[in-house]
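Participant: For the sequence shown, our numbering begins at 3 and goes up steadily by one.
These are calculated hints, taken from the structure and not from any lab test.
Since this is a predicted model, take the numbers as computed values, not measurements.
Virtual Cβ for every residue (Gly too), placed ideally from N, Cα, C.
What you were told as hints is all true, and nothing was included just to trick you.
Once the Cα atoms are required to be at most 20 angstroms apart in a straight line, the calculated EDC-like pairs of lysine to aspartate or glutamate come out as: (1) 71 x 41; (2) 71 x 7; (3) 71 x 29; (4) 71 x 40; (5) 71 x 21; (6) 71 x 15.
Derived CB-CB ranges, DEER-like: (7) 21 x 63: 27 to 35 angstroms; (8) 64 x 16: 27 to 35 angstroms; (9) 16 x 42: 12 to 20 angstroms; (10) 63 x 7: 13 to 21 angstroms; (11) 41 x 11: 14 to 22 angstroms; (12) 19 x 63: 32 to 40 angstroms; (13) 39 x 15: 14 to 22 angstroms; (14) 63 x 14: 28 to 36 angstroms; (15) 49 x 24: 15 to 23 angstroms; (16) 17 x 42: 16 to 24 angstroms; (17) 6 x 40: 29 to 37 angstroms; (18) 16 x 63: 28 to 36 angstroms.
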Amino acid sequence: MQQPDIRARLSHDLGKTWEPILYILADGVGYAGSVALDDGTIVTVTGDGQVSAGQPAGRGYTLQAIRWKPDSRAE
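Let the sequences and hints guide you as you build the complete structure.
Facilitator: If you want it as structure tokens, here you go:
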């Protein structure tokens with residue numbers, strides 16, 4: 003069984019078409035959001051969403067920010 007991960011794929015036309023290059027950013031599962039910065043980098047924030055039963059809200063939850071730059075071949 004394949005391990006879940008956070009992946010990204012780029013579109014240059016508001017989602018009409020997508021680049022074939024797939025970026026694997028992190029292991030695990032969770033909700034992710036990304037924003038493109040003026041310098042060409044992208045910041046993706048994701049959390050694992052796994053809160054242990056009986057734990058206070060937020061305890062055991064992991065949040066990470068990944069700053070990355072697409073390969074120039076994808077542009």
